[in-house]
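Following the hints, position chain B against chain A.
Protein chains: 2
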Amino acid sequence: MYSEFDLIRHYFIRPTTGTVLGIGDDAALIAAAGESELAISTDTLVAGKHFLADTDPRSLGYKSLAVNLSDMAAMGAKPRWALLSLTLPNHLAQENTAWLSAFSEGFFELAQQHQVDLIGGDTTCGPLNICIQIIGEVPKKKALRRSGAKPGDDIWISGFLGDAALVLAHQQQRQVLETSEVTQCLPALYTPKARVELGQRLIGLAHSAIDISDGLMADLGHILEYSQVSATIQMNAIACSTVMQKYLPQPWAIRCLLAGGDDYELCFTAPPENRKEIDMLSHELSISLTRIGKIGPGKDLIVKDRQGKPIIMESKGYDHFHS
Amino acid sequence: MYSEFDLIRHYFIRPTTGTVLGIGDDAALIAAAGESELAISTDTLVAGKHFLADTDPRSLGYKSLAVNLSDMAAMGAKPRWALLSLTLPNHLAQENTAWLSAFSEGFFELAQQHQVDLIGGDTTCGPLNICIQIIGEVPKKKALRRSGAKPGDDIWISGFLGDAALVLAHQQQRQVLETSEVTQCLPALYTPKARVELGQRLIGLAHSAIDISDGLMADLGHILEYSQVSATIQMNAIACSTVMQKYLPQPWAIRCLLAGGDDYELCFTAPPENRKEIDMLSHELSISLTRIGKIGPGKDLIVKDRQGKPIIMESKGYDHFHS
Chain A
1 MYSEFDLIRH YFIRPTTGTV LGIGDDAALI AAAGESELAI STDTLVAGKH
51 FLADTDPRSL GYKSLAVNLS DMAAMGAKPR WALLSLTLPN HLAQENTAWL
101 SAFSEGFFEL AQQHQVDLIG GDTTCGPLNI CIQIIGEVPK KKALRRSGAK
151 PGDDIWISGF LGDAALVLAH QQQRQVLETS EVTQCLPALY TPKARVELGQ
201 RLIGLAHSAI DISDGLMADL GHILEYSQVS ATIQMNAIAC STVMQKYLPQ
251 PWAIRCLLAG GDDYELCFTA PPENRKEIDM LSHELSISLT RIGKIGPGKD
301 LIVKDRQGKP IIMESKGYDH FHS
Chain B
1 MYSEFDLIRH YFIRPTTGTV LGIGDDAALI AAAGESELAI STDTLVAGKH
51 FLADTDPRSL GYKSLAVNLS DMAAMGAKPR WALLSLTLPN HLAQENTAWL
101 SAFSEGFFEL AQQHQVDLIG GDTTCGPLNI CIQIIGEVPK KKALRRSGAK
151 PGDDIWISGF LGDAALVLAH QQQRQVLETS EVTQCLPALY TPKARVELGQ
201 RLIGLAHSAI DISDGLMADL GHILEYSQVS ATIQMNAIAC STVMQKYLPQ
251 PWAIRCLLAG GDDYELCFTA PPENRKEIDM LSHELSISLT RIGKIGPGKD
301 LIVKDRQGKP IIMESKGYDH FHS
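Each protein sequence line maps, in turn, to chains A and B. Just so it is clear: in the first sequence, position 245 is 245 by UniProt numbering, and no numbers are missing. Just so it is clear: in the second sequence, position 313 is 313 by UniProt numbering, and no numbers are missing.
Hints are not guaranteed to be accurate.
In the DSS-like style, the derived pairs of lysine-lysine whose C-alpha atoms are separated by at most 25 Å in a straight line are [unchecked claim]:
| hint | chain 1 | residue 1 | chain 2 | residue 2 |
| --- | --- | --- | --- | --- |
| 1 | A | K49 | B | K49 |
| 2 | B | K140 | A | K140 |
| 3 | A | K276 | A | K294 |
| 4 | A | K299 | A | K309 |
| 5 | B | K246 | B | K299 |
| 6 | A | K304 | A | K294 |
Derived list of chain B stretches under chain A, where covered just means 3 residues or more per stretch with a C-beta under 8 Å from a C-beta of chain A [stated by the list, open to error]:
| hint | stretch |
| --- | --- |
| 7 | 17-29 |
| 8 | 189-197 |
From the derived model, a few chain A residues whose C-beta atoms are all more than 10 Å from chain B [as the list claims (entries may be wrong)]:
| hint | residue |
| --- | --- |
| 9 | S59 |
| 10 | K140 |
| 11 | K150 |
| 12 | A169 |
| 13 | P249 |
| 14 | M280 |
| 15 | G298 |
| 16 | G308 |
Keep in mind that the hints were calculated from the coordinates and are not lab data. These numbers come from a predicted model, not from an experiment. We put the CB at the ideal spot given by N, CA and C, even for glycine.
If we strip away everything but chain A, and leave its shape as in the complex, we get:
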């Protein structure tokens, strides 16, 4: 039987490299570099809402951190420190050390890739709930915000959209994918790549950025709202996998592409004069960066299909209280 303190010691204390004081006191202590600001955000994953209860714990540990890293990427911040608040049902904490062991392995695999120190957290007993806070450094006054988009900007996305939503539709038995298609799409759902380095490199190139967690339309919609601008995007310009291409333009696949969520890619806007540099960055980082439309005056978000006709959608994205 593990006590709360044993649990923390056993699974979550690892050496830290850039921290004044890590886990073990009433608070952790960090010191930010002199000329930087700190970017701070938090994301919660709830069993049955954000993941199925029987999700592989290793990928859950990985993804819990990935979705938070994605917020740092969207600000252009370098992630440095994380806190992990785990609410665990007794059967996961006590009887099944394999669960916690796998969860922590997945978490630290990604943390180490990005040199993020786990500096604190909380372990409590209750319905499974994973709440992570992430803290990163960003050069003073340089953070990528939602509010910086300007008419004339190109709209870009990184990677491919919609695969996580496709495979989720299969898992929830709303659609049937072939086995090979499931295999191809699963990494997008379970081990999304947070575009951390890309985010930092977009400082000075992009006017605005957001990460796509609730779906392209919803998240681009935030940029429009905060920047007081409009957007027109071409659906067929949106980069997507061969699996997605097969199911387009069926309406359910269009929904996955535009409003599925769980993509954790970046959507950003940049002036046309930066196209060449952005293309070079795409090459250098081996990340697909695709122009999908333009920012304009006004406030509407128009998605055009292959024929240039606007696509009408009922829902623009994922709302935690309505789905």
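Positioned in the frame of chain A, the structure of chain B alone reads:
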């Protein structure tokens, strides 16, 4: 019907005073003062574990922040920023705006007292879970740690211990208190005073500090473990209310006093030469500060009763996975 974004806007966006960028982007931005370190911690409150499901939402909002402020107090840090991750069952988010309204009022009442900006968070749907992160500033290399206690130090506590545990025992029908006693003890349970100013003033006076959340024995035990020292305390020196005095030395009352938890008072150690200054501080802040024992070499924690006999306890404090 509120959407997630409406919810956040309506109840949780308030003007911030010391923040570069508050709620609304992928992350908040803060800038720490040059010669300070940042203290960061998080505490989660789970319905049915840390509070009864029908707890008044206003006091719940207050207490959720108070327990986090208490961690800042224990480090000697000045709390500056908070993030709030709320997992809410649908009936609280949608049908009962009175609940969220009262919760946010309680939260901001205390936040404003301490000039803490709410800079971010997350709102998700699921079993009620309140996860708060707090970030404070502390002068470089001056934070109060658990590891600084030295043989010869006096052991001090702030305030009165055990009242929250007394009234909880009554609420859980394990004991029966008189109505007037319940009234007297309820504030300790619902609106604990985080000793924020005291913590900051103890920098330079105390060698070590911790906040008492899991019970005096458990939390003082952490100081002993991290500092590699022993302690002897006199139970009858522990400051407590007239209600507690009435029920002592009954074993259940002793348990409330020594191991009840939820006190959110500070336990700290300081060299005897600082007694006079600490007494003056007690006077100035109108907070009871009481010497309850001494730090020694070795590693045991001995609590002596009125007759000088050691008190044997089965459990030293609250463990989230064993109670």
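Hints and how they fare:
{"no.": "1", "hint": "A:K49 - B:K49", "in the structure": "22 Å, holds"}
{"no.": "2", "hint": "B:K140 - A:K140", "in the structure": "21 Å, holds"}
{"no.": "3", "hint": "A:K276 - A:K294", "in the structure": "16 Å, holds"}
{"no.": "4", "hint": "A:K299 - A:K309", "in the structure": "18 Å, holds"}
{"no.": "5", "hint": "B:K246 - B:K299", "in the structure": "32 Å, violated"}
{"no.": "6", "hint": "A:K304 - A:K294", "in the structure": "12 Å, holds"}
{"no.": "7", "hint": "17-29", "in the structure": "holds (count 8)"}
{"no.": "8", "hint": "189-197", "in the structure": "violated (count 0)"}
{"no.": "9", "hint": "S59", "in the structure": "19 Å, holds"}
{"no.": "10", "hint": "K140", "in the structure": "7 Å, violated"}
{"no.": "11", "hint": "K150", "in the structure": "17 Å, holds"}
{"no.": "12", "hint": "A169", "in the structure": "20 Å, holds"}
{"no.": "13", "hint": "P249", "in the structure": "28 Å, holds"}
{"no.": "14", "hint": "M280", "in the structure": "25 Å, holds"}
{"no.": "15", "hint": "G298", "in the structure": "21 Å, holds"}
{"no.": "16", "hint": "G308", "in the structure": "31 Å, holds"}
The structure does not agree with the numbered hints 5, 8, 10 stated previously, though it agrees with the rest.
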